[in-house]
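Undergrad: Please arrange chains B, C, D, E and F on chain A, whose structure you already have, making use of the hints.
For reference, the chains in residue letters:
There are 6 protein chains.
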Amino acid sequence: MLNRFELDEFIKAALKEDIALGDITTDSLIEQSSVSNAVYIAKDDGIVAGLFVSERVFKILDEGIEFVRKVNDGERVKKGDIIAEIRGNTSALLKAERTSLNYLQHLSGIATKTDTFAERLKGLKTKVVDTRKTTPGLRALEKYAVKMGGGSNHRFCLSDGVLIKDNHIKAAGGIKAAIEKVRANIPHTIKIEVETESIEQVQEALAAKADIIMLDNMSLDEMKNAVNLIDGRAAVEASGNVNLESIRKIAETGVDIISVGELTHTVKAFDISMRFV
Amino acid sequence: MLNRFELDEFIKAALKEDIALGDITTDSLIEQSSVSNAVYIAKDDGIVAGLFVSERVFKILDEGIEFVRKVNDGERVKKGDIIAEIRGNTSALLKAERTSLNYLQHLSGIATKTDTFAERLKGLKTKVVDTRKTTPGLRALEKYAVKMGGGSNHRFCLSDGVLIKDNHIKAAGGIKAAIEKVRANIPHTIKIEVETESIEQVQEALAAKADIIMLDNMSLDEMKNAVNLIDGRAAVEASGNVNLESIRKIAETGVDIISVGELTHTVKAFDISMRFV
Amino acid sequence: MLNRFELDEFIKAALKEDIALGDITTDSLIEQSSVSNAVYIAKDDGIVAGLFVSERVFKILDEGIEFVRKVNDGERVKKGDIIAEIRGNTSALLKAERTSLNYLQHLSGIATKTDTFAERLKGLKTKVVDTRKTTPGLRALEKYAVKMGGGSNHRFCLSDGVLIKDNHIKAAGGIKAAIEKVRANIPHTIKIEVETESIEQVQEALAAKADIIMLDNMSLDEMKNAVNLIDGRAAVEASGNVNLESIRKIAETGVDIISVGELTHTVKAFDISMRFV
Amino acid sequence: MLNRFELDEFIKAALKEDIALGDITTDSLIEQSSVSNAVYIAKDDGIVAGLFVSERVFKILDEGIEFVRKVNDGERVKKGDIIAEIRGNTSALLKAERTSLNYLQHLSGIATKTDTFAERLKGLKTKVVDTRKTTPGLRALEKYAVKMGGGSNHRFCLSDGVLIKDNHIKAAGGIKAAIEKVRANIPHTIKIEVETESIEQVQEALAAKADIIMLDNMSLDEMKNAVNLIDGRAAVEASGNVNLESIRKIAETGVDIISVGELTHTVKAFDISMRFV
Amino acid sequence: MLNRFELDEFIKAALKEDIALGDITTDSLIEQSSVSNAVYIAKDDGIVAGLFVSERVFKILDEGIEFVRKVNDGERVKKGDIIAEIRGNTSALLKAERTSLNYLQHLSGIATKTDTFAERLKGLKTKVVDTRKTTPGLRALEKYAVKMGGGSNHRFCLSDGVLIKDNHIKAAGGIKAAIEKVRANIPHTIKIEVETESIEQVQEALAAKADIIMLDNMSLDEMKNAVNLIDGRAAVEASGNVNLESIRKIAETGVDIISVGELTHTVKAFDISMRFV
Amino acid sequence: MLNRFELDEFIKAALKEDIALGDITTDSLIEQSSVSNAVYIAKDDGIVAGLFVSERVFKILDEGIEFVRKVNDGERVKKGDIIAEIRGNTSALLKAERTSLNYLQHLSGIATKTDTFAERLKGLKTKVVDTRKTTPGLRALEKYAVKMGGGSNHRFCLSDGVLIKDNHIKAAGGIKAAIEKVRANIPHTIKIEVETESIEQVQEALAAKADIIMLDNMSLDEMKNAVNLIDGRAAVEASGNVNLESIRKIAETGVDIISVGELTHTVKAFDISMRFV
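Top to bottom, those sequences are chains A, B, C, D, E and F. Following the numbering used here, the numbering of the first sequence begins with 9 at its first residue and continues without gaps. Following the numbering used here, the numbering of the second sequence begins with 9 at its first residue and continues without gaps. Following the numbering used here, the numbering of the third sequence begins with 9 at its first residue and continues without gaps. Following the numbering used here, the numbering of the fourth sequence begins with 9 at its first residue and continues without gaps. Following the numbering used here, the numbering of the fifth sequence begins with 9 at its first residue and continues without gaps. Following the numbering used here, the numbering of the sixth sequence begins with 9 at its first residue and continues without gaps.
Here chain A stands alone, though its shape is the one from the complex (with noise of 0.2 angstroms):
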């Protein structure tokens, strides 16, 4: 994960965002010296991910706060559940309340989808992993959230992992060329992948020795049919109109790895609220 700096970098920048020039609201009304008890509870079941995050807002705007955990990332909350107990400055706790949650609610939101993917997987070698279709700017929080929803990883960016997909090939003269033009060029300690749409394209890509070959937009049987080609040589990652309804059977065709864009791209917020105590 991040470093502590790096992340605190993220949290300043989001509580300027909220705070601004202070919150003339409570600047207003609350007593400097006034002192708060809350907690944060589940108002729906899911899974909690980016305590850490949460606790650093309040921590950034007060050091003197205590965030005591009642649940760790990645374990599973129902309706109700006190997530956190949260005591300090009571100016402090309202101001870092919002951008606290927005975190926290974001990245359990993933956690929680994530986890229903996983669920659907149960009993498979087969693993769910997101894609680069996140939020500008929360990448690396979310791919995170992936990871405590059940999920894997896929490359974090363009720059850690290779995919050819159609416009690579072209431009290359062929999956062989350009998976031995990449190979040429990159660090040896990175895999390649070849996007590819028909068996055809899974043979060229098994003859130049693609690391992983993806499975773009395939037919259940073209998949079953690939992994049986494929035969281990290769892992095998499907990717495409994969949801709740077809996971289980793409898995079923003994692919490796499902890319699932919507884990990162369509969050439904996980409900939390705080309720001073």
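Please keep in mind that the hints were generated in silico from the structure rather than gathered at the bench. Note that the coordinates shown come from a computational prediction; the quantities given were computed from them, not determined experimentally. Do not rely on the hints blindly, as some may be mistaken.
Note: identical chains are not told apart, hence a pair may lie in one copy or across any two.
Straight-line Cα separation of at most 20 angstroms, PhoX-like style, residue types lysine-lysine; simulated pairs [as the list claims (entries may be wrong)]:
# : residue 1 : residue 2
1 : Lys-67    : Lys-24
2 : Lys-189   : Lys-178
3 : Lys-51    : Lys-87
4 : Lys-86    : Lys-276
5 : Lys-178   : Lys-217
6 : Lys-217   : Lys-133
TA: Structure of chains B, C, D, E and F alone, referenced to chain A:
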């Protein structure tokens, strides 16, 4: 809206996140002199928002890229419609694609959702507004998207609007005292809004000359009573448990404003793809 | 007020400006283990503002420095009064001294000037407010100093308040059209102020339900007429050619608010010196 | 002077402070296609400084704005003179106006004040110089304005000049020891200045071959004695209690340099207004 | 490679370091209208790298400067060869010269050193690669220079490649456990490399299906044995005590990759001077 | 030296470069509660510099890490000596190791090289100084390391020292004119140095009262003549083609200062390793 130079800072941060040290696939395979044409195609029906952001993503990577909008922000598109034509350096197109789409799909998703809420209010004077439940780092853009979808904005942050809540009232010793203290402290250019949970509190807020009275989680009958009582002496905002089913009935109680958190906290990415042509 | 972490960013920039690569005199001569006691002494009579900034300057260089305030922001001091006692690492004291004092003398200068204006309004309901004529980079601190001196704040910037001026009125085709267009576009939490130059314009603004009417460069008689006409239906702000001689007479016309540019644009540093003891 | 890219960073920070999320008045009322002509008019007599800053403020918001200088930095203007003509996008003109003027009025105020001091030294070799008593964040620009007003600069910061003061002398065990320690430690390109409070200290500083001797708060007679004693073997700087009344008499003692804190710490904004034409 | 906007940030930081508040010599002496021609001349034989960086340094100070490359990055030059012709504003040429050359000489020094290592491997399949022993702040550029000199890159940083070392193995309880734990946690796009110090460890790594096996500080005989044992089932990297004398012998053991720290940690600046013509 | 908060910014940038999104090996394998002891061991003889930087790298990742110096900056170590003992969180130790060592090895390399040059000057008054030929982004630290190795610093940058070169002299119309123009423009606290290539130029520089005269690429005889001619009326700096063989002979001509580019532009990393104990 944000100045262009400030928008550019956000976009550069997002590009760094995705491109980091380069697109090792594209850098290995695409000739630097290669030029391509592409289009953005809507894969669903909805409202577009964020084209100026999406365009800047390309321009920041390569000023020579042409980005011709076929629709404007706030306009309705149908599945299959071409949203924009993009021409220029192939490498830059491939590197910018994901970040550009991540912005455009997220913001168009917000505009599209807002539009469905605003549609329910047709013929009524009531306005649907957003909240501070936004994605950390994206508030300015998300609030812009709400307007593109036919909604209005609530306060942007804690320093440009007053909302006196339960804890503030307790700390001040009542609604009257709270309003007076706040009024003495804030610029004369900002209105004072009070959150109320009962008709008694509405009466107190009225007596203290609140500019805006929020009815928090009240029943339809309570809201009707409150609106009658207030009788135009303050603006009235309904908040809490608003959804597509309930929003029209709430509006019909006569409230002026309805705030809806899910406009920005629960977003379905609007599906758009870039196709090389 | 600004969050501490944002204030720290400003202070660090100021310290870099003054210390750059080090204090080559002090680094050559002062033992790193040397510890000293110093005091801040007022060299004039006035109002202190900015002690928390002045203190942070020291703490940022050396967290071990003790800074004991003998007065608080907003309090009156006389020539010779001790404002603060400062103890700690001698090198850090010497390096921070100038930057710490530059802040404190400038902000106390603003508070002291504001106080002389506020004094003239004793017994009247009229408030003296600042403007956007501030020193680039110091607006938040300067507006804070105005409040410490007994003044109030006008809008902080162009996005948290509306002021419809001559050019806006022309572009919109009249005051009524301008107010309606603005009202449709801005958050419902912000008031609308209109600048007027004649009684006719005041009437138009009233008719269009402006929240605040600014009387720009009007004579005392015109102002009295305007106040009578408005009769409490909008707040009234006087602006233009306000000085220590004129402010009380202007206030006695019955206006609610008088804005004074020189509070922040023409500042006499309040004389304070640091003495080692 | 500062590089343009560094100046731009300062200006962008100032624009963010004033424009933040947009000019909600102008954005509501001015057509994006509207174009206007405006002029900057001097409302007083004085010396202009900072036109390049003022111009960049407009250009950063909209590169298409034309800014035609009718005078140059350092030139004298009279009340009513046109300082610059500005043409371009109306919205950008309105948004940039305040920040552009805030810089120009502050810097021209410094140049104008410096000019009145420099005028008193006409016919003498003595130079008036600034100090480190500058506004936090504006030192480079303020020192530039001093030069435009006919003054010279003292050291910019603690790392590009040596000034050995009372506490340094005590810590080193005397002026001689202090000078030797400093000389051994600093680059050979930097001169050594010593603050003296008596003729005895002047003698010590001379003996230790100080490059510059500051006479701190000495009487006119003491200064004359010191100048005679030093007799060209070191540059002589007078400091303390310098004002428009005293400066010529101080200069006539024969000192080379007189430093004046109020050039930058007590500034009257030079009155300039933007008028649409 | 880095995006241009990110490169520009690095260059601006370097220019600030050298120019700070201006070039007081050049600003005093060179007419702002003066224009000059200059050339970069090689003072030694070697490989050039970093011309695009060197060019941007000039352009950032003055976009009007022309920089005509006479060779490209990665090309060999001889003493006396002209590397580039530079024309434009004399002040900007003088201010940018040092920073531009500091980059170019350092990066060309790395390329030249890498070339001498790569030369020793002529005719063999073995590749010479860099390490993480780079100059803080310059890693992206230094790794680029290694490629220009005919080398390849190892992982860029700790998050885009796996290298399981001694301490990791101990903590995990053996190579097998370590590989399995890592594999379960990382993206499927990244290979796993294990550092081994004995044939036994090589066998364990093979059994656990490591993608890359590093032979750390092994003798030539041990390396040969390891290569035979591995027999193409994993890539083999040699590391430790590699120098110009030993590299070919190491390569002849059959290893695929040899990593050499001194490519980037011990650099002789390649001598280039700018001459006005 | 740099303030700690500015140093921290450099270190954080370096850590981001190396750790980016985390150490995927360590994060997978090391228990967060694991604690270790390690030592820094010299693998060669030399002078240590940069321990405070190296220590901050660890502290920034984890404030709880103890870093006990066994030697101080500027002290000589022998192969096998323990330089520091480091205790704390194992993950943080592993993540910080490379960045911490990259700084320490580079800076100790500079100190060690400077020491070998300074050794040659034993018994002479001549000082060896650095140049502006530093690594972009590291100048402050590299110049500090030169001092730790027994050298002195030349000007830090273009704005804190004057060096009048060939092009400046031509533009000004001679050395005399150049010196006078510069003197009129710069702060009185900075000396003026002129680069000369002949005895005639030395005479001109002397006549114009240059503070420092640089003898550029002169023969030993020319230097002797120049030193005799100058006779203490200006400081004398030798520059050009200085190496370990020539430096003592150059010094024996009587010059005061010898500047050596390779102190910072051609650095051999001083070999240090971290060993877990």
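Undergrad: So, for every hint listed, does it hold in this structure?
TA: Hints versus structure:
1. With identical chains, the CA atoms of Lys-67 and Lys-24 are at most 20 angstroms apart within one copy only, with a shortest distance of 15 angstroms there and 22 angstroms across copies.
2. Taking the shortest Cα distances, Lys-189 and Lys-178 sit within 20 angstroms of each other inside one copy (13 angstroms), while across copies they are farther apart (38 angstroms).
3. With identical chains, the CA atoms of Lys-51 and Lys-87 are at most 20 angstroms apart within one copy only, with a shortest distance of 5 angstroms there and 36 angstroms across copies.
4. When the C-alpha separation of Lys-86 and Lys-276 is checked against a cutoff of 20 angstroms, the pair qualifies only within one copy, where the shortest distance is 16 angstroms, while the shortest distance between copies is 24 angstroms.
5. In this assembly of identical chains, the alpha carbons of Lys-178 and Lys-217 lie at most 20 angstroms apart only when taken from the same copy (18 angstroms versus 33 angstroms across copies).
6. In this assembly of identical chains, the alpha carbons of Lys-217 and Lys-133 lie at most 20 angstroms apart only when taken from different copies (18 angstroms versus 23 angstroms within one copy).
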